[in-house]
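Undergrad: Once you have looked at the hints, place chains B, C and D on chain A.
Chains as they are written, first to last, in my numbering: chain A, 33 to 366; chain B, 33 to 366; chain C, 33 to 366; chain D, 33 to 366.
No lab work stands behind these hints: they were computed from the structure.
Some clues are possibly wrong.
Unchecked claim - SDA-like, lysine to any residue: derived pairs with alpha carbons at most 20 angstroms apart:
#	chain 1	residue 1	chain 2	residue 2
1	D	K96	B	R118
2	C	K295	C	S282
3	A	K223	B	K107
4	B	K107	D	E143
5	D	K229	C	N287
6	B	K295	A	Q134
As the list claims (entries may be wrong) - Calculated Cβ distances over 12 angstroms to all of chain C for the following chain B residues:
#	residue
7	I99
8	K220
9	P247
Just so we're clear, the structure is a prediction, and the values are computed from it rather than from any experiment.
All C-beta atoms, glycine included, are put in the ideal place defined by N, C-alpha and C.
Letter by letter, the chains look like this.
There are 4 protein chains.
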Amino acid sequence: MRGNTFGRFLTITTFGESHGVALGTVIDGCPSGITLSQEDFEKALSRRRPGQSSITTARQEADKPEILSGIFEGKTLGTPIAVIVRNQDQRSSDYSPDMIRQGHADEVWQEKFGHRDWRGGGRSSGRETLCRVIGGVVASKILPQNVSIVGFTRSIGTHVAQKIPKMLTIKEVDRHPTRCPDHEVAEKISKELLACKTSGDSRGGIIEIWMNGIPIGWGEPVFHKLKSGLTSSLMGVGAVCGVEIGDGFSATSQNGNLFHSTKEGAGGIQGGISNGERIVAKVAFKPASTLGMNAKKGRHDPCIVPRAVPVLEAMAALVLADLYLATRLDRMDR
Amino acid sequence: MRGNTFGRFLTITTFGESHGVALGTVIDGCPSGITLSQEDFEKALSRRRPGQSSITTARQEADKPEILSGIFEGKTLGTPIAVIVRNQDQRSSDYSPDMIRQGHADEVWQEKFGHRDWRGGGRSSGRETLCRVIGGVVASKILPQNVSIVGFTRSIGTHVAQKIPKMLTIKEVDRHPTRCPDHEVAEKISKELLACKTSGDSRGGIIEIWMNGIPIGWGEPVFHKLKSGLTSSLMGVGAVCGVEIGDGFSATSQNGNLFHSTKEGAGGIQGGISNGERIVAKVAFKPASTLGMNAKKGRHDPCIVPRAVPVLEAMAALVLADLYLATRLDRMDR
Amino acid sequence: MRGNTFGRFLTITTFGESHGVALGTVIDGCPSGITLSQEDFEKALSRRRPGQSSITTARQEADKPEILSGIFEGKTLGTPIAVIVRNQDQRSSDYSPDMIRQGHADEVWQEKFGHRDWRGGGRSSGRETLCRVIGGVVASKILPQNVSIVGFTRSIGTHVAQKIPKMLTIKEVDRHPTRCPDHEVAEKISKELLACKTSGDSRGGIIEIWMNGIPIGWGEPVFHKLKSGLTSSLMGVGAVCGVEIGDGFSATSQNGNLFHSTKEGAGGIQGGISNGERIVAKVAFKPASTLGMNAKKGRHDPCIVPRAVPVLEAMAALVLADLYLATRLDRMDR
Amino acid sequence: MRGNTFGRFLTITTFGESHGVALGTVIDGCPSGITLSQEDFEKALSRRRPGQSSITTARQEADKPEILSGIFEGKTLGTPIAVIVRNQDQRSSDYSPDMIRQGHADEVWQEKFGHRDWRGGGRSSGRETLCRVIGGVVASKILPQNVSIVGFTRSIGTHVAQKIPKMLTIKEVDRHPTRCPDHEVAEKISKELLACKTSGDSRGGIIEIWMNGIPIGWGEPVFHKLKSGLTSSLMGVGAVCGVEIGDGFSATSQNGNLFHSTKEGAGGIQGGISNGERIVAKVAFKPASTLGMNAKKGRHDPCIVPRAVPVLEAMAALVLADLYLATRLDRMDR
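Excised from the complex, chain A in its bound form (with noise of 0.2 angstroms):
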């Protein structure tokens, strides 16, 4: 299975170049009789969509995604759902063949594959997140209904929230525009950003998700444990370069008595299986890698955090929903 299909029980299969006709996403696996809508899928874009405030670029896309099968009067054939996005606002000439711009995958897609399409990173642009998006759509309507995937702004640039309650929903979080539930530090996140717009600067951060409901048993051993398919899912996306599992690095120097005396740091997973708890991991951005000085005019975000947020709840929800259908095949008695 080539580099573009993600997944063995629910796998999408995505393509698409950043300023070529359309991205799209193929999801295969998705069973039978599940509702699921145009205005689903427009919904979650809408939520990762450039252009939506003064904190992101200014490139504008309606990112209008088109159903082109699996789904007919209104719910899920079991066959392949396909939905493509088209691009349209795509300023190709801000862009030329020899521009190899630092930070970027320029300079190694051209070692990798010889040929490439320069116009906007192509295929390496953080525009195919969207498939990931749109693939994420029908993993949730897959999984239990008391499942809920949310993922936040923990951090941005020296800007840590602090102040989070115990629940938190989608909605409370896209309240703020930098989507950290700590409105007071997110205020400060929102003035630094936009100074780093002006400069040229960008910042990294922290995103955190939480996934609730997930009952004990999920997760494959010894290779697709559900730490592995999760934090691997996690570090695909562009930019990421660490995660964590509940504690994570801050668990290497507890001592052991203290650590086991609670579930708590081991972040809902046990031996590589989901121990009932709430699943929490940890995701570090570096720094967005296109800065006002090596792009013609490239229109980026001086910070992707807030935007990545339904990305990663979108892997998230991926991992989930196939070990989710896998452990159908757990025991005999199922």
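TA: Positioned in the frame of chain A, the structure of chains B, C and D alone reads:
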């Protein structure tokens, strides 16, 4: 593909329970004509084996590998290589069916599968990792000769190595039983682990892996990027709870202009593809889960970090060999 | 990997229902740098298209391919190639939800999935095969230039072609709408099919495929032998009910000394691997399943054999390209 | 996934050379809780074993299976089941490195891999099929109890069984060493094979497989249809050169109205999915390739058809179990 096969172009399928008859690995996809011997496996397994020093578990296993297939007249045949290790020193009487050890996978396995091998964790035992080491031996032979993969103990508990040479060899790292190349810190770690062994406490830590000599172009966008593969493989090892590439979480608080002024923070990977620089991964281990208090007389390490070094090297080798083979399919003119 | 992806090194993922918005194929694993154009797809699809002659269905579909990704400046990028074909002439009114057509998959789909697209068979329609033809275009371009794949009608009903030239080209085969290169027999077939069209009867037949120019060594023991991949892919086409390599069933009654006195009966495959000779496969089609009597006004072919020729060629090309790419991984010295 | 793993939901990975240390199978994806014993494997292997009667090879192999993992207290654990069989009666001296046996895979393996185990065909030996039988044992246990898979010899050479009971059991078929249930024909076959043994000649034949008790709905459109999976698995067995489902090639000359007047000709599969009727497959074997004249003193069967019956049954069981497990993922309400 189910949970016990790893890889796409080079695959390993592993099997075996901690106190069953044997553990083993089947490696498929190894090209023909590679020199490979019994000794190669023995050497690698001896680096992971328990009972090596005062700071590891007292369980004594010869861990004698037996090659069943795939090698003829000292060279690989291009057919599957099967290697098994029989279990010998199994004190099953240390365990009982109703013993659910805290911090272990016992409970979630029981819930997931309904039926489990309760002797020493069965397949969830750390002993499973010897199968990964077997796979790593073959992977290492496939990699170009100038590629080197060296892991070392960066920290255990609160003790962090500071003085690390710019270049390291496995031989140098193995000089100290802690596998910490800062020998001053290594001595402190040794003392602390001996104390843990007495008190029944445990420690976690961080392993750092350096991958040298990898040319530009390894990694398969968009779902089998080098960073995703590494994360999946490293995170899948028991007790691992975090992975970073390059600067990882510390990159999140740097400003973009500074971060992108050098290539170093990227840890050798750009756009998910190797960029020709050293690849650097950091791997967090939570404190060892089996403490003196919750196994009857379970003989376990106070810290698994030193013994995990060759396991992580093996996993890294498997991912790198897989992606190296994949590059043969990148272009038509190759 | 689910049911709508085919291949390992070169994969196609197909989607689309007969009367839905569009059908399409995503091809992953195509190396970069291959010249490929819109015209290549158009030409291939026109060979499969309905409405070509008096002996095929009256359904008129322009079957205009649209390339969405993976090709830039006339050459492949090494990224997924997505090509879609929109449905146009969909007379859904010919069908109704409660119509279960005899000899069709309607009933088993209903039972399997609970919910189905009842318009023209939905995804079980023969129209699905255009997606395979799209994949075959890319596969053909990957194969070495001296490889040729030519299929032709060996028989329809009781009419069996006898005079077949020793070498054949697609152009020669396409000269007659029946795709039978024995033009005397071809004329008899034409007459019979016209009669069938009037009477609402149908005919099956045999397609023979010749694969020339394949060197020794293609095929992956023990489960991806050339003969497994080839016959499985051919058998997967609708209405196919038998496949043979070389002498096939007639080999079963020959005595061994005679059979093995030449290489011919082996059909170019030994031990599951190509032996350098012409590869010969024969494919049996049962009579077309949709008769005048059981679709309302369903417009269907009295015999699908002629139109199936390019579909089988496409499937053969996909298998061969997959195994050709795989040979790059056979040895270390390559 | 490389060449030595088969299946998606239930996978087998096999290894081993004819004259190496051992052959074996790792079965992954078997649900937990299934009763399985050493005896199950012994019984199945004894049906394939050489040296059973005067008409088979004189090679004597105890073929003693050893279970290494995956079973505990008589039941499957949901972990990989590894079973090996050591080679014992290996007369390597019968072979030499420069011996290229006509009709064998020796030549193509040499060309493909450059290095091969020349002793008895190495991995290309028919001995490899014992690994498939091991897998079939597990598959059979997974299938619902009312499913039965029975293969029998339909013909050998020119002798075709005519009187076949409407229902058959394995026990009945095994009553005659030819596995031909028409005992009059069976006797003729016996005589001819004994004559072949003396003269160094060989015979091919046809095995027919009946699969009973399979409900509607097994098979995954469009690339993992039941007929594709069966063909791939049956065709992959050495010396097989043709596969038919239902009427197969004889359907091609029937007229459509007649053919579709009953369901029988379809052989239990419609649109690639089981339709609730008995599934019937016919499998053609070319004459055995190793004749007295071209191995030094190679001890081989004049006809492998009788011994191949349990091998084909095993492959059918593997495909059916895989597709049976897959149906658990078809719908949301299951």
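Undergrad: Next step is simple, just say for each hint if it's right about the structure.
TA: Structure-based check of each hint:
For a cut-off of 20 angstroms, the pair hint linking K96 (chain D) to R118 (chain B) stands: about 18 angstroms separates their Cα positions. Simply put, K295 (chain C) and S282 (chain C) have alpha-carbon atoms about 15 angstroms apart, close enough for the 20 angstroms limit, and the pair holds. For the suggested pair K223 (chain A) and K107 (chain B), the alpha carbons sit about 63 angstroms apart, so the restraint of at most 20 angstroms is broken. With a C-alpha separation of about 16 angstroms, the suggested pair K107 (chain B) and E143 (chain D) falls inside the 20 angstroms cut-off, and the hint holds.
Simply put, K229 (chain D) and N287 (chain C) have alpha-carbon atoms about 12 angstroms apart, close enough for the 20 angstroms limit, and the pair holds. Annotation: proposed proximity of K295 (chain B) to Q134 (chain A) holds, straight-line Cα distance about 9 angstroms (limit 20 angstroms). With a minimum CB-CB distance of about 19 angstroms to chain C, I99 (chain B) clears the 12 angstroms threshold, and the non-interface call stands. In this structure K220 (chain B) is separated from chain C by more than 12 angstroms, as the shortest Cβ-Cβ distance comes to about 45 angstroms.
Remark: the non-interface label on P247 (chain B) is consistent with the geometry, its nearest Cβ contact in chain C lying 17 angstroms away (cut-off 12 angstroms).
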